[in-house]
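**Q** Sequence:
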Amino acid sequence: MSPGAALARIRLNPHSRAVQRDLHNPNEMHRTLMRLVPDGLGDSPRQAAGLLYRLDVTDTFSQLLVQAAVLDPTRLPDDYGHADVKDLTPMFNALQKGLTVHYRIVVNPVKTERLPLENKGQRGKRIALTGPDADQWWARRAHEAGLHLITALPTPLSAAHGRADNAAVRHHLVRYDGTATVTDPDALVQAVLGGIGRAKSYGAGLLSLARAAA
1 MSPGAALARI RLNPHSRAVQ RDLHNPNEMH RTLMRLVPDG LGDSPRQAAG
51 LLYRLDVTDT FSQLLVQAAV LDPTRLPDDY GHADVKDLTP MFNALQKGLT
101 VHYRIVVNPV KTERLPLENK GQRGKRIALT GPDADQWWAR RAHEAGLHLI
151 TALPTPLSAA HGRADNAAVR HHLVRYDGTA TVTDPDALVQ AVLGGIGRAK
201 SYGAGLLSLA RAAA
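According to the working numbering, the residues represented by the sequence shown are 1 to 214, in order.
I should point out that these hints are in silico values taken from the structure, not numbers from a laboratory. Check the hints yourself; a few may be wrong.
As the list claims (entries may be wrong) - Restricting the straight-line Cα-Cα distance to at most 30 Å, the calculated cross-link-like pairs of lysine-lysine (DSSO-like) are: (1) 86 x 97; (2) 200 x 125; (3) 200 x 97; (4) 111 x 125; (5) 200 x 111; (6) 200 x 86.
Kindly generate the complete structure, drawing on both the sequences and the hints.
**A** What follows is the structure, encoded as structure tokens:
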């Protein structure tokens, strides 16, 4: 039996002041979505809850996908949007080696700059990857997650701006859509549950899967 998780699809109300605020401020978006998970989760509540989210925007509407071990959409602000919640356990149990799937993910492709030996112990600067470097980053991460990529269409997105430790932060984001073959179902389940890469509090890391038509 695979571990359980819930996925909420929230069709946002564009007239909601809370929605307008959150779309312009990822920190506020994260704060709103953390209301959907139980209280008292310790010092790292997002990680403890397994909270991941992604904003999907079309010409006609905006939709939030929110994933966590437990979700309570009734705790959203009034008039925030319509939410449908489903259990991901059946999807996890259907994953098998050789299965072809469609996927979508927003990621924050970065590398850490290597520092001279005399700076050992210090963290190098994180450098955003773009173009073929970002594509290679995603291919490596997908392989580690139990996917063999067949296609990968990148769509650069607007950077996510926020604040952390009283300092401004900017996260470079890219969305990848495509098809892949499952090579390691157990690794794939863990990748879906834990998310992939950095900037998870800014809408990155949530991997969506759907079985491809035969």
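**Q** A separate judgement is required for each hint: does it hold in the structure or not?
**A** How the hints compare with the structure:
1. 86 x 97: 24 Å, holds
2. 200 x 125: Answer holds: residue 200 to residue 125 is near 19 Å, not above 30 Å.
3. 200 x 97: 27 Å, holds
4. 111 x 125: Answer holds: residue 111 to residue 125 is near 8 Å, not above 30 Å.
5. 200 x 111: 16 Å, holds
6. 200 x 86: With a Cα-Cα distance of about 21 Å, the restraint between residue 200 and residue 86 holds, given a limit of 30 Å.
Every hint, counting from the list given before, is met by this structure.
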